[in-house]
Amino acid sequence: MNKELEHQFVKELENNQNIVHKVCTLYTNDRDSHNDLFQEITIQLWKAYPKFRGDSKFSTWMYRVALNTAITLYRKSKRSIKTQDYESVIFKIKADEYDETEEQHLKLMYKAVKQLGDIDKALVFLYLEDKDYREISETLGITEVNARVKMNRIKTKLRTILNP
Amino acid sequence: MMDELDLLKKDWQNKEEHLPKLSYNDIHTMLWKKSHSIVKWILIISILEFLLPHLLYLLPSMPESVIIYEKLGIKNIATGIWIMTYVVIFYFIYQFYKRYKEISLLDSAKDLMRKIIKVRRTVKHYVIFSLSALFLTCVMIIIGMYFSDNLMEIFPTDGPERTMAPEKFKSILIGSMAIISIGMIAVMAIIYFLLYGLLLRKLNKNYRELKRLEL
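Protein chains in written order, with our numbering: chain W, 1 to 164; chain V, 1001 to 1215.
Check before you lean on any hint, since a few could be wrong.
A few chain V residues facing chain W, derived, Cβ under 7 Å [what the hints assert, rightly or not]:
#, residue
1, L1043
2, L1105
3, S1108
Since the hints were derived computationally from the structure, they do not count as laboratory data. For each residue, glycine too, the CB sits at the ideal point set by N, CA and C.
Pulled out of the complex, with its shape left as it was, chain W reads as follows (with noise of 0.2 Å):
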């Protein structure tokens, strides 16, 4: 019964992992502590899985144990030191699909976004992978209105990042 669980839950996280590492590539900076960050949260969400009843898909129950893994629970480790490369791999696009102010914008965009707060990274992760603010504000924990109001002020803010 129990391995059967495991197979099912490993499984599903392995079809799912992108959510997981997406949440990794916004709240850390180099690759050990994206592999720190993916384990603390693939250990809480087998620890929260049988929990997990079925009544909402998987990939929506993850959003939720992995943002709030990342906001609240996970601890940076003391040895994360900030290389450039690892965004660059990241975030690498394509050259043959954008012309090249396009590609810098691009560039200049994501890494405002990792300037942001915790939150304001929660709020444009949630946005950027198309859920709606009923979403957005359930899984926060705030209301609709109050949603609406920060992703404006996120946006005002990038543009200032953007544009000093």
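Given the coordinates of chain W, work out where chain V should sit on it, guided by the hints.
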């Protein structure tokens, strides 16, 4: 700006192929790794806080202190404080357990943070309580010393203090007792607040930000 963030959204959703890919086995081994979450740390530190003061009683010198209490004439009061302390400690352990169980990662970020802060508050009250109990015990001992006439018998010594005037011996003993008590309590308080301050810095910051949003 709207267009720019939407442009980012389009790119964000297209770049999944650049993300790392872990195998079934990679993920499977992670299940058995130890968690380093702050909740885990709070639990470990709290258990230590509950246990450490009681380990002191295992020291061989502890039974002697009971005799000293008796000689100082504060045995009944000291026993009373002990019994009360244990009643309160069990209440704290029960509260802690109840609140700790309430922590769920399936809550919203704000609720999760609120519950963790509640657990921490229980521990904080416990620490304030035990430091106060310790302080009270020290005060009792000092008062007992003050009213005692035969301190040299209670605290036998072979050093040069033997020839000292009893009055002088008394004031030195009371003075050093007071300094040691205050120093010990201060050091414990500093360690405690530093530990939790560092551990929960991020959580407190994020919680404040979420709360500020709702004003």
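Going through the hints against the structure:
1. A hinted interface residue such as L1043 of chain V counts as satisfied when its beta carbon comes closer than 7 Å to some beta carbon of chain W; here the least separation is about 12 Å, so the hint is violated.
2. Contact between L1105 of chain V and chain W, as hinted, is supported at the beta carbon level, the nearest pair being about 5 Å apart and thus within 7 Å.
3. Given the 7 Å rule on beta carbons, the hint for S1108 of chain V holds: about 3 Å separates it from the nearest Cβ of chain W.
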